[in-house]
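> Take a look at the letters that make up each chain.
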Amino acid sequence: GAVVSQHPSWVICKSGTSVKIECRSLDFQATTMFWYRQFPKQSLMLMATSNEGSKATYEQGVEKDKFLINHASLTLSTLTVTSAHPEDSSFYICSARPGDREGNTIYFGEGSWLTVV
Amino acid sequence: AQTVTQSQPEMSVQEAETVTLSCTYDTSESDYYLFWYKQPPSRQMILVIRQEAYKQQNATENRFSVNFQKAAKSFSLKISDSQLGDAAMYFCAYRVGGNKLVFGAGTILRVKS
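Protein chains in written order, with my numbering: chain A, 1 to 117; chain B, 1 to 113.
A few of these clues could be false.
[To be verified] The calculated lysine-lysine pairs, modelled on DSSO-like cross-linking and capped at a C-alpha distance of 30 angstroms, are: (1) B:K73 - A:K41; (2) A:K20 - A:K55; (3) A:K41 - B:K112; (4) A:K41 - B:K78; (5) A:K14 - A:K41; (6) B:K70 - A:K41; (7) A:K66 - A:K55; (8) A:K66 - A:K20.
Hints listed in this document are in silico derivations from the structure and should not be mistaken for laboratory results.
Construct all of the structure, not just a fragment, from the sequences and the given hints.
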């Protein structure tokens, strides 16, 4: 099946610094990628939808200047948490949809744990 | 706005028995997709089963099957012959076209040996 890879799996950063998380589709081209945040024992909260070559669409309440999303190629999207604070500590998951067919299944990365100290 | 409701925060099942997880959704669309995802402790999201709304036949994947009631906007998941490896958080999700997935709150499934 299709594979989506996230890197890093775990990252610890100091408060005030920025950290980048990568999401790659390894065996398909993804015109659309999604970024989610998940708190312990809670559901996935969509942060933004990124389309290759255009600006990301952010969900209401998500700070676009804090969570920078770039989708520069058909196989790579990045999430940069700028000026990170302890409250940004969370599990971040990306997902990707192969090609342009609406019915295509969406595949998830393994997720990335971010701890801000 | 589309919403997905999972009314069971936690469920338990004895190994080898059958369990049903409930899911209801709200939408004004006529064509959409429904999914059940499994999230084990590793946190990897695993697709369990999917259903296209235009299909009347309920989807089945080995021990997993759904009861899709379009008029009632209900989409329950039945797990037969439960195994210890089935223990996980299960999310029901809805999607229109190529758009975002809307997830329910999740149900923690515990399997007792």
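> Please go over all the hints and tell whether each is borne out by the structure.
Going down the list of hints, with the structure as the test:
| no. | hint | verdict |
| --- | --- | --- |
| 1 | B:K73 - A:K41 | holds (25 angstroms) |
| 2 | A:K20 - A:K55 | holds (17 angstroms) |
| 3 | A:K41 - B:K112 | holds (20 angstroms) |
| 4 | A:K41 - B:K78 | holds (22 angstroms) |
| 5 | A:K14 - A:K41 | holds (25 angstroms) |
| 6 | B:K70 - A:K41 | holds (29 angstroms) |
| 7 | A:K66 - A:K55 | holds (15 angstroms) |
| 8 | A:K66 - A:K20 | holds (12 angstroms) |
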